[in-house]
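Counting in the working numbering, the sequence shown runs from 1129 upward without gaps.
In case anyone wonders, no lab produced these hints; they're calculated from the structure. Glycine included, each C-beta is placed from N, C-alpha and C at the ideal position. Don't take every hint at face value.
Label pairs and their in silico Cβ distance ranges [what the hints assert, rightly or not]:
no.: 1; residue 1: A1157; residue 2: V1201; range: 18 to 24 Å
no.: 2; residue 1: S1150; residue 2: E1192; range: 21 to 27 Å
no.: 3; residue 1: V1201; residue 2: S1175; range: 17 to 23 Å
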Amino acid sequence: MTEPLELITVFHTGQSMCLAPSASIAIEALGAKHIDCPVWNTVISSSGSVISTPAYMLGPTIGEVAKGIEKLVGDIIALL
């Protein structure tokens, strides 16, 4: 028997470019877990099978997006 897939969503509810805070409530009602995360950071699932960043959704500049994506790549490499 396989374990259920762990689903997470990542975005920062404190930024104006983000989905409304009610979106995180709706997402959790569907069974996913919302984690508040700034654009330059990443979130790793408890099983280590999902690594995510809100960089492409929230980055106000290409420099900020690059920080989150570079951290994501570094986290993936660290898990290998």
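Do the hints match the structure? See the list:
The hint said 18 to 24 Å for the Cβ distance between A1157 and V1201, and at roughly 32 Å that hint is violated. The given range of 21 to 27 Å is respected by S1150 and E1192, whose C-beta atoms sit roughly 25 Å from each other. A hinted range of 17 to 23 Å for the beta carbons of V1201 and S1175 is consistent with their spacing of about 20 Å.
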